[in-house]
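Going by my numbering, the sequence shown opens with residue 1, and the numbers climb by one from there.
Bear in mind the hints are in silico, worked out from the structure with no lab data behind them. Predicted model, so just to flag it, every value in this text is computed and none were measured. Backbone N, C-alpha and C define an ideal beta-carbon position, used for all residues, glycine too. Incorrect hints may appear among the rest.
[Claimed, not checked] What follows is a set of in silico ranges between Cβ atoms, one per label pair, in the way DEER data are often shown:
#1 Glu35 with Asp9: 30 to 36 Å
#2 Ser19 with Gly107: 32 to 38 Å
#3 Gly78 with Thr116: 17 to 23 Å
#4 Asn17 with Val75: 18 to 24 Å
#5 Asn14 with Val98: 19 to 25 Å
#6 Gln43 with Val96: 28 to 34 Å
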Amino acid sequence: MSMYFQLGDIDLWNPGNRSGTMFVSLAEAMSPIVEKPTGLRPQEFDPGTIDVDIEQFREFTVALADAYGTTQNMVYRGMVETILAICLVITERAGVSVEIETRGPSGLGDRVAELTRAMAR
1 MSMYFQLGDI DLWNPGNRSG TMFVSLAEAM SPIVEKPTGL RPQEFDPGTI
51 DVDIEQFREF TVALADAYGT TQNMVYRGMV ETILAICLVI TERAGVSVEI
101 ETRGPSGLGD RVAELTRAMA R
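Modelling step: build the complete structure from the supplied sequences, incorporating the hints.
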């Protein structure tokens, strides 16, 4: 079984249930930390389909990018990186760009490229 992350009729990501559920849970856990709603909404009659409010999701992604880019705490940065990388793939597929500025070395670009290839539509 799988989930669908959609923007209207566009499938942005089609992960397996465990991966999709974990991503939504991690994003929801980060939401109060970055003080932005995720913009991820399970459909009422099909909870396996997640509607993406792209404006809210973009704002959430920008807040994650700020949290990632303004810290030198490698543990915190590592925890944020995977969630942020997935968000960046989804926003890119939606045709929305997010600028990232980081302090110190970052493997984020490589991680996004790797996930872009791995994340099924």
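Please test the hint of 28 to 34 Å on the beta carbon pair from Gln43 and Val96.
-> 21 Å Cβ-Cβ, so the 28 to 34 Å window is violated.
Outcome for the supplied range 19 to 25 Å, where the beta carbon pair is Asn14 and Val98 | 22 Å, holds
Does the Cβ-Cβ separation between Ser19 and Gly107 fall within 32 to 38 Å?
-> With Cβ atoms ~21 Å apart, the hint is violated.
Range hint 17 to 23 Å: satisfied by the CB atoms of Gly78 and Thr116?
-> Because 20 Å falls inside the window, the suggested range holds.
Honestly, do Asn17 and Val75 meet the 18 to 24 Å range at C-beta?
-> Distance hint for Asn17, Val75 is violated at roughly 29 Å.
Honestly, do Glu35 and Asp9 meet the 30 to 36 Å range at C-beta?
-> 31 Å, holds
The structure does not agree with the numbered hints 2, 4, 6 stated previously, though it agrees with the rest.
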